[in-house]
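Protein chains: 2
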Amino acid sequence: MKAKQIVLASRPKGSPTLNNFRSETVDVAELKNGEVLLEGMYYSVDPYMRGRMNDAKSYSPPFDLDQPINGGVIAKVLESKSDILKAGDIVLGMLPWKETCTASEKDLKKIDTSIAPASYYLGVLGMTGLTAYFGLMNICKPKKGETVVISGAAGAVGVVVGQIAKIQGCRVIGIAGSDEKTKLLKTEFGFDETINYKTTKDMSKAIGMLCPNGVDIYFDNVGGEISDAVIANINFNARIALCGQIALYNSTDTPMGPRLQPMLLTRSVLMQGFIIGNFKNEFPEGIKHLAQWVKDGKIKFTETIENGFDNLPKALLGLFKGENTGKMIVKA
Amino acid sequence: MKAKQIVLASRPKGSPTLNNFRSETVDVAELKNGEVLLEGMYYSVDPYMRGRMNDAKSYSPPFDLDQPINGGVIAKVLESKSDILKAGDIVLGMLPWKETCTASEKDLKKIDTSIAPASYYLGVLGMTGLTAYFGLMNICKPKKGETVVISGAAGAVGVVVGQIAKIQGCRVIGIAGSDEKTKLLKTEFGFDETINYKTTKDMSKAIGMLCPNGVDIYFDNVGGEISDAVIANINFNARIALCGQIALYNSTDTPMGPRLQPMLLTRSVLMQGFIIGNFKNEFPEGIKHLAQWVKDGKIKFTETIENGFDNLPKALLGLFKGENTGKMIVKA
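Chains Z and X, in that order, are what the protein sequence lines are.
Per full-length UniProt numbering, the very first residue in the first sequence carries number 1; after that it's consecutive.
Per full-length UniProt numbering, the very first residue in the second sequence carries number 1; after that it's consecutive.
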């Protein structure tokens with residue numbers, strides 16, 4: 001049996017291109033005891049994958065050259081030599097970008113599609129939702145009445161952060177890159193105010209106008225000059241969660257900017273970089289809250305779904321151009 | 001009755017000079033009920049005073065133009081209309097730079113000179129020691145065997161941080177600006193390793209050599225390029241306490257440097273700006289530990305004492321040139 005896979009053909013310098021990927025057809029491994037044969041249904045594409053294309057020390061190991069990219073995948077069990085999983089089950093795993101593959105039952109988690117659509121387990125009920133939940137609740141510790149600013153607010157994590165912050169009684173300001181996105185943040189996701197950074201000349205002033213008492217919490221998905229403008233308005237005792245720095249991922253030189261420490265010092269600000277793995281012992285608690293809020297309609301979730309396994313590289317590149325609203329997924 | 005005082009004559013642009021201060025003789029106010037007449041004994045000069053010379057929003061309010069500078073002072077009670085304090089008592093207070101002044105009993109704390117010399121209450125048993133204690137213990141949470149780097153290590157706070165870190169079982173590396181200071185850190189204060197930043201060409205490499213497993217804790221008194229070099233070697237899950245940024249206090253432009261957020265994000269690093277007031281409810285606990293360690297000889301303390309009230313401005317300017325080892329104090 002043969003299947004298509006997508007491998008990392010070369011490491012990008014600066015912005016990745018389609019040439020950094022290669023599609024090829026390979027043999028699928030023989031099924032062993034304790035394993036299942038899987039057909040990929042939904043593939044997650046995420047900003048953190050840019051970092052893994054480099055050969056650099058980071059929180060997740062680099063992708064290997066000439067080996068399949070891997071990430072979160074929802075798959076259907078076609079055939080089983082496992083006592084736990086049976087044909088027809090829908091599972092979640094960190095799996096290679098292959099149309100069909102084998103995997104050990106130990107590396108898979110069966111999901112319940114009666115609670116939410118299968119793809120939600122890559123998003124609001126998966127790493128995306130947990131990242132929003134723990135970044136906001138455990139690092140930023142929102143208090144009722146505080147002002148929360150979110151960059152990359154229309155991204156998969158951003159829309160969930162904003163809605164959790166509203167549930168906590170905060171005033172929520174979202175920064176995004178199009179009028180379509182900022183409109184959606186207000187009408188669909190209940191944000192109080194929004195800023196389109198692409199059409200705003202003086203970001204620092206715009207944030208200052210919307211946050212007259214300063215920014216108490218900054219959930220940063222973006223970095224760069226947008227963050228400079230937010231931090232210029234930071235309040236005493238503020239908390240900044242560093243979740244992503246997508247504005248800088250494709251830089252080749254060391255990015256330069258204003259030094260932050262004087263501001264963080266004089267205003268007693270906390271800044272904390274995090275990855276979701278830091279909170280893995282608390283995942284069940286996070287999932288429980290998120291599932292309840294989704295069920296109660298308190299958290300809405302949006303996906304941008306590209307069709308076709310072959311479009312995986314294109315979808316990933318699209319993330320860096322802001323082509324998604326909410327979670328970006330490829331449906332095989 | 002008349003007394004000399006030192007006022008802020010003008011706000012400095014960049015590095016302050018003696019011209020920013022003015023000495024003048026004024027009447028001492030009449031003693032009221034609940035007040036005492038004080039004679040200044042020891043005056044604290046501290047890096048944070050530079051910030052108060054500017055007219056900018058910060059953790060402590062700006063000094064007023066044409067008004068006396070104020071700060072930590074140890075004084076002797078000359079005359080009392082207080083039921084709590086009597087003539088001859090030695091007290092600590094936030095007091096103006098006046099040779100003689102009146103103050104309310106409410107704003108003064110009697111000190112016990114049988115435990116330690118009076119001037120220690122401006123240092124290791126005062127704000128300096130508490131800053132070291134809470135910055136290290138509450139923000140950095142040292143664990144046995146971790147590597148701690150301290151910038152401005154020969155300063156008043158730095159020498160205490162290093163000794164507390166040694167008590168906690170850490171490996172301690174101090175950065176200072178002369179061979180005399182680095183030698184003292186090793187022989188007098190028990191630091192494991194030191195770096196003289198003025199004679200070291202590649203600071204990042206030098207830190208990397210001394211911290212082969214990365215920097216777990218960075219207690220930053222200095223900022224600027226020294227911090228860039230430390231953060232280039234920061235470990236996963238490291239903690240950075242921002243205590244001072246003396247390298248930048250005299251800048252007129254916004255200082256620029258490499259953006260920190262990508263490093264803090266990918267390595268899950270915490271950075272926390274703080275002032276000692278954040279921990280005021282826990283002061284008694286901190287003082288208790290510090291006094292015990294001083295009594296047991298586990299914490300040694302050094303002072304640089306300038307003689308003469310008139311030398312207060314000169315002593316403050318000297319801080320920014322690194323003329324002190326340990327706590328800088330002026331004895332009247």
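Mixed in with the good hints, there may be bad ones.
[Stated by the list, open to error] Facing chain Z, from chain X, some residues (calculated, C-beta under 8 Å):
1. Ser-227
2. Met-256
3. Phe-274
4. Asn-307
No lab work stands behind these hints, which were simulated from the structure alone.
Note that the coordinates shown come from a computational prediction; the quantities given were computed from them, not determined experimentally.
Even glycine gets a Cβ: it sits at the ideal position worked out from N, Cα and C.
| Does the structure break any of the earlier hints, and which numbers would those be? | 4
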